[in-house]
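Engineer: Following the hints, complete the assembly by docking chain R onto the known chain P.
This is what each chain is made of:
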Amino acid sequence: MTARDEAGAAGDGAGDAADVDPVTLEVVRNACAAIAEEMNANLVRTGYSPNIKERRDCSTALFDAEGEMIAQAETMPVHLGAMPFSVRAAVDRFPRETLSPGDAVLLNDPFRGGAHLPDLTLVSPVFVDGEVVAYAANRAHHADIGGARAGSVAADSTEIYQEGLRIPPVKYASGDEVNEDVLAMILANVRTPEERRGDLRAQEAANATGRRRFADLAERHGDELPTILDAVKDYSERRMRAEISDLPDGTYEFSDLLDDDGRGNEDLPVEVAVTVDGDEVVVDFEGTAAQTEGPINAVFAVTASATYYAVRCVTDPDIPPNHGCYRPVTIEAPEGTIVNPTLPAAVVGGNLETSQRVTDAVLGAFGSVVPERVVAGSQGTMNNVTFGGTDPRTESPYAFYETQGGGFGGRAGKDGMDAVHVHMSNTMNTPAEVLETAYPLRVERYELRENSGGAGQFRGGLGLRRDIRVRDHEATFSLLADRRTHAPYGLAGGEDGEPGDAALVDDDGADVDRLPGKTTRELPPGSVVSIRTPGAGGYGPASDRDPAALARDLRLGVVTESDAKSTYGDRLLDAAREYLSE
Amino acid sequence: MTEETRVGVDIGGTFTDFVTVSEGRLGVTKVPSTPDAPERAVLDGLESVDADGVDPAAVDFFGHGTTVATNAVLEGEWADTALVTTEGFRDALEIGRQNRPDIYDFQAEKPTPVVERDRRYEVGGRVDERGAELEPLAESDVRELAAELRETGVESVAVSLLFPFENDDHERRVREILREEGVDVPVSLSSAVLPEIREYERTLTTALNAGLKPVMDRYLGRLTDEVADAGVDAPVKIMQSNGGIITADAARERPVNTLLSGPAAGVQGATHVAGACGFDDVVTMDMGGTSTDVSLVTDGEPFVTTDTNVGDYPVSVPTVDIHTVGAGGGSIAWLDSGGALRVGPRSAGATPGPICYGRGGTDPTITDAHLLLGRIDPGAFLADDLSETREAVESAFADLAAELDTTPEGAAQGVLDVANANMERALRVVSVERGHDPREFALVAFGGAGPLHATELAAALDVPRVVVPRTAGVLSALGLLISDVIYDYSTSRVRRLADVDARDVRDTFSEFVAQGRERLAAEGRTDETVQFEASMDLRYAGQSFELSVPVDPDVDASTLDEARDRFDAAHERRYGHASPEEPVELVTLRLRARGLVSPPDLTVEAREGAVSDAVRETRRVVLSGDAYDAPIYDRSLLPLGGEFDGPAVVEGAESTVVVHSDQRVRIDDSAALVVEVGE
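Chains P and R, in that order, give the protein sequences.
For the first sequence, the residue numbers in full-length UniProt numbering are 1 to 582.
For the second sequence, the residue numbers in full-length UniProt numbering are 1 to 679.
This is chain R alone, in the form it adopts within the complex:
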């Protein structure tokens, strides 16, 4: 099933991006975001898209990346929520794991509990670690608290008892009683939101889900109404943190699964464009004004983790693993009191921005360092007086150079070296630390500043090539159009693998498959476009962190043996040692139901002409301390299939690519630049 006309809308802090695909043609539209009512920018954009010839009535697919849940968490603006938990555990949500957020900072603060103490209720009843009932649910406790809930007027309820992943009877009964007693607000059960071991993380995730439900419900209610009013018949689909698309109703049910909606879409988009260039193993690098996000993709699949933080809160739902460092184009360089050159974490942001924006910035930033070294076009920033801003940049670096006892250009290069050291550390975390060899990867660079740094970073990490996609500025919106529909199911089953009954596992997976199939069928998916991927989280008995290994959902005894072998191999790869003689423990069973989306064929019109015709000018550019009279290419004029050597700078509408002297560039059929980094 190929939709003819697709629209992807990603809401960012400054701009709301639209990517449309209509009859194989790709369209890009950006409108200013409207943070007070994000849906307004969506409507503005739809009008603009309409004006560009994409008829809303013809839209078959409408995908959306939302920051509503993220912002609510970061700003602490979730709904008034109550928590029902096992007797004796009222404060587990607040105590957390007992560690303090910073060892040496006496002013550090624990995160505010998602549900305050006077909204946390206990109920009697206990289930053991195998799911056996030790003590029946104290139904009278539930009825009593239901009466209070009606009075306090909470907007949402979370229920998180102990061991519900082994036996969810008590949690379901709590919900039933709340309904019987007239509590008619949404109820989130931990056995549904995150049926996995570790009560604090599960309870927190469930409480966040409950708190976000009314927020997401209101937002999606408004959005779907208005999108429909704008003439779009297609249902609104939402990107989840795991890189899969779900229905708006599913997102209303599990808003906690959308906390990294936009960034996950960006990684999906980067994965797609890299795949179109023939690279399935990539590290993505999105460098913006204040920070840089990096992530790992293997075999065309972004790395998914269940160990993420959003703001101060650990969130344990499957999430595309994105590692962030506080270095962006606006990061400010400074010499600290011990005499080390530091870059960030302070950023000039968008206002006043770097000095070269000409909006009153006075502190030297990464972007200014690029300008001074000739790597970016001084005319690109629309400053009123170019020579004045240029002088301001020079004077700032002259000051820094005096402190560093070097030349202004030496100081600028130093700023880039320090920033690159920070980013290199992040790139190592996602690649080398996970047992991957960077020499087998491509680095996909996007965001305004990513392609300015990527070629140098790739050389430092021995990554052989850098890909700068054509749509580098709107990869999140593009990601919405090419991502599969995904529903994840899981449950913890902590026991020795040797004691696991293959039939039980098969039954669990069959149950998940049935749920997934039903869900996908409701979205019009036929069996041909549906796929089920099972995996088991395993560890050596006694360890505490698991590795997920894929298995055939149709489990028999040999499947378990294979899983064990795969686990040994994965452990060896990730940590450098394995213990095939040691017993292995099963922790969690996972199943991913996937509705396949056939990505649109985005052909690019062939461009005529020679590479040399794309040279806009020759400019003095300093690369790694050496000055060159380097050609400056206009990206839009480069012919497909063209090749040229560095040193060079390629300027495009969305970003600037720096090519070093020993590097070679090729423009591939998707109009992406592929830089061969060389030895």
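Next comes chain P alone, as it looks inside the complex:
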């Protein structure tokens, strides 16, 4: 069976949305976006996990009474298209007539509305006059949700049962009272229960803000509101359809590869056929690798999210994100593949790694027809790093998780950005000073990776290098990363970027032991792990590069002379040298 996500035709069940005037439309749309943003600000500022508070790995959104998304705060792309699946699952389990004010539904089960286990989603109905008028929802990446490895981002799981606690949609709160039994069961299964408790409280508070604000809005607009919300969705749909119509009709195919699943299964294809037909797009993943033993299976919600992201980027990113944007897009993903796996697949890396490859593949397909609207292959991985152990300073257990940025693809008219999170991720780093204060780790190096950007008329962005030392204790280290063998692709004649790499290094930073992309190790005290993230692909032929741009790269030391000689050739190198001598 193929999972198919079709958001349905416009204006379902609301005949008069077309009558909503352009002023009311804009005023209400603005108000809904403001509510989602305020929920997000609240969540970030009161969260406990570094993932939430420093890295902003969390999202907030509002849904109408039908469970269709009407607004979201734009922070974490991989959440954005996936949240509707959570609300749908929550409402399937607890139909709205069974809900009461102050209820909240919690879930993380990737096979019932979730994405991967560390992402906990809380869905709260908004009541006005005893009726559900909307849902406030938020999703946050918790630093640990149990399972075999601290941090719950294990690279070596083979079944979801090893990945942590699986929470189907459950009633987390009733009438604003937390169900203490549910909470106790969660806390008994995680390594850092106090932090979980704090994060969940922040999630409740964010939804409380959303409920309060939305109820105010509903009061202002009364019975008209459902119709206005339909108009808000129709509005985004209209703009999306107009944008899609601008793309040439046709079917565009692309195939990209994941390195491996960490269990010895290598070169796993993500194949896509993108069909543009008038004002609609069909994205079909037929031909993609069968679901695999290692934890890189992306549940359908994640695949859908990655696909919607790519479509939004090649159309007009200014279109307000809501259910209407998704209506003209159909996604087909064969069941039993790494883009639509079934139980008991391990999935943690599907959200983190495979989602990136899905984006790479869809963008690659668009790149064959409208290269100026896309970018060359970006780092294509989130470089998930986890350290866990017992902090010798406090004798308390800790789990530290972070992801690392890398190269952003070269683009028509511009070099790619260096050392940023790409596509499905947009988290912030954990400052070294915060990391060292909170965890028994030390950052020894944090720098741009020279020569890692793919050559081209517009160079691919650079990857980065981050070396972290384990202080005075034994730690479990886990790496979940890709693009170690298959490099980010160049576009329009540009060269590929430099694949990523990792190693244990000595005190001088020299490699002593190379690490594969997906690995879990016990590290003795004093070990230093060095992560080098991929550079991105270049755009356009290297021979077309402006010598002044190459000269600048040389002056800044991000491209070395010997590398420039082999990639750009003597003629360009000489011209660049001339600039430098001026």
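Keep in mind that the hints are not guaranteed to be accurate.
Stated by the list, open to error - Cut-off 25 Å, straight-line C-alpha distance, at most; resulting in silico cross-link-like pairs (DMTMM-like, lysine to aspartate or glutamate):
{"#": "1", "chain 1": "P", "residue 1": "K414", "chain 2": "R", "residue 2": "D102"}
{"#": "2", "chain 1": "P", "residue 1": "K565", "chain 2": "P", "residue 2": "E450"}
{"#": "3", "chain 1": "P", "residue 1": "K171", "chain 2": "P", "residue 2": "D156"}
{"#": "4", "chain 1": "R", "residue 1": "K110", "chain 2": "P", "residue 2": "D544"}
{"#": "5", "chain 1": "P", "residue 1": "K414", "chain 2": "R", "residue 2": "E116"}
None of these hints come from the bench; they were simulated from the model.
Structural biologist: Relative to the frame of chain P, chain R by itself:
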């Protein structure tokens, strides 16, 4: 110590504003700004002020709001700067926090690093999170880079190592060695500029400070010379972003503290005039041609944040928190491809300006919508042919109305509704989102367009009253005259509050107090006019954002308990929940040394006459969709203490106030209009 004659000079994009106070009399002068050499407009203005009878030689206080640092940052025109940082962290300044500036925009760009990679140098040596030295400073590294710095001819150096807020020995030693090695350009240490945790933000702020030093130094050098040449003996004082005044020398040392000098002065001015009307809790709203600035004031103090952006750069020094939205009088209305009415971000600016300026503008703007609805005087814009511009406005709105399927007036009202929705969102960010109830506030409206929108916005937000001050057009310059002298001190001390030794905190505060006292004494301040305000930034252990709570600088164990209780209460108020059972963590200690300024007594001459005598005409005015024959008042003729009901329009030299049918106006003793918004 009350200065008899004070001059405040604020340099804006178009005009340089002067406010003078001489013998209790307030004077206002505006001269065109001279962006190439801002000090020239200052001299022009001084001449004009002199002509008005304020003798430069008699000036006791000269306060200045400057945009020199801001413009340098926005235009990327800072000095050639080098950065010295901890080995392994050369690129931390460029990598930033790794997030990209826009999620979906493939053409987005990271900010240019303040110091380019080939000017960033690493030195060996390491300090840990408690300040213990793990590895001594590699002095030879410093000497080597000093040799390079001499050759490259950089104009300024920033030094930002890890954990200098716990131990600044290495940073100070780096500076010493640079001096020994003959590097004689200014050196900014991060332990002095921003001794707070998070290396990227601290390094960036320090690098900006270093880059701005030569710029500020040159500018203030010229300005102080020329002001002295113009006969002013009083030293030049500068407004900082935190709303406090400092000496010109202090501003040369910390130019990064002046990035929002002018806007901060504006909030100070608004706070002062609102206070004079009896309102200490206010939201300020400054609406100009292209954007609107809003900010929050509680208990007579503007809200100060350490989380601000200037251009693309996060700047972490204490700054009056000003939230900006891209909606101003010149914002253009348009129907987008999805059929929603949008207003801005495109603006007609000053040239060509709105259609009603008669300078060739053709796109309907917010100002044009007001004109069409009769809310502003069509004769106010000096257009050559009034009927022609009026027709042009009508025709533009007729076109828009056809697209919207409504009347031209309906379209104009729609433009105002959408603009108000944008502004309401900004007003909510600064008030409701911070846990404040708008019903307890007054809205102070200024800038050319602020009072046109404020009464409607206040009603939407349940703000009970709007204050439109007399000097609404020059509040920044006025703010310079009434602001205290302020020096802020801080240091990060990240540890559980339960483990904090009260004596250590007291010692830190005592050290800050001593520094502050010395600084203020050097400016002639005696103890009677000096005040010290201590605060602690706290959070629940494990959180990442802090709330600042006031404490007595003479800290003992009970002070720490009180601070904790205040923190729980503040958290409850701001975020709607608190956790009194959870451990609390101290992050940063702050001390503000304040030299008090006694504000001038600005009495307003009583005006005779009846309210009805101030009615200039009656005009058709459309308010919230209803048309009225509303009286148009001449503000300058309204008697103090007078009252009247809406609907009405009050026209003044600086702005126009719209009063709705259920609202009532009072002219208070400071000649401010206070509009009671009602239910």
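Engineer: Next step is simple, just say for each hint if it's right about the structure.
Structural biologist: Against the structure, the hints:
no. : hint             : result
1   : P:K414 to R:D102 : 16 Å, holds
2   : P:K565 to P:E450 : 14 Å, holds
3   : P:K171 to P:D156 : 32 Å, violated
4   : R:K110 to P:D544 : 24 Å, holds
5   : P:K414 to R:E116 : 18 Å, holds
When held up to the earlier numbered hints, the structure conflicts with hint 3 and nothing else.
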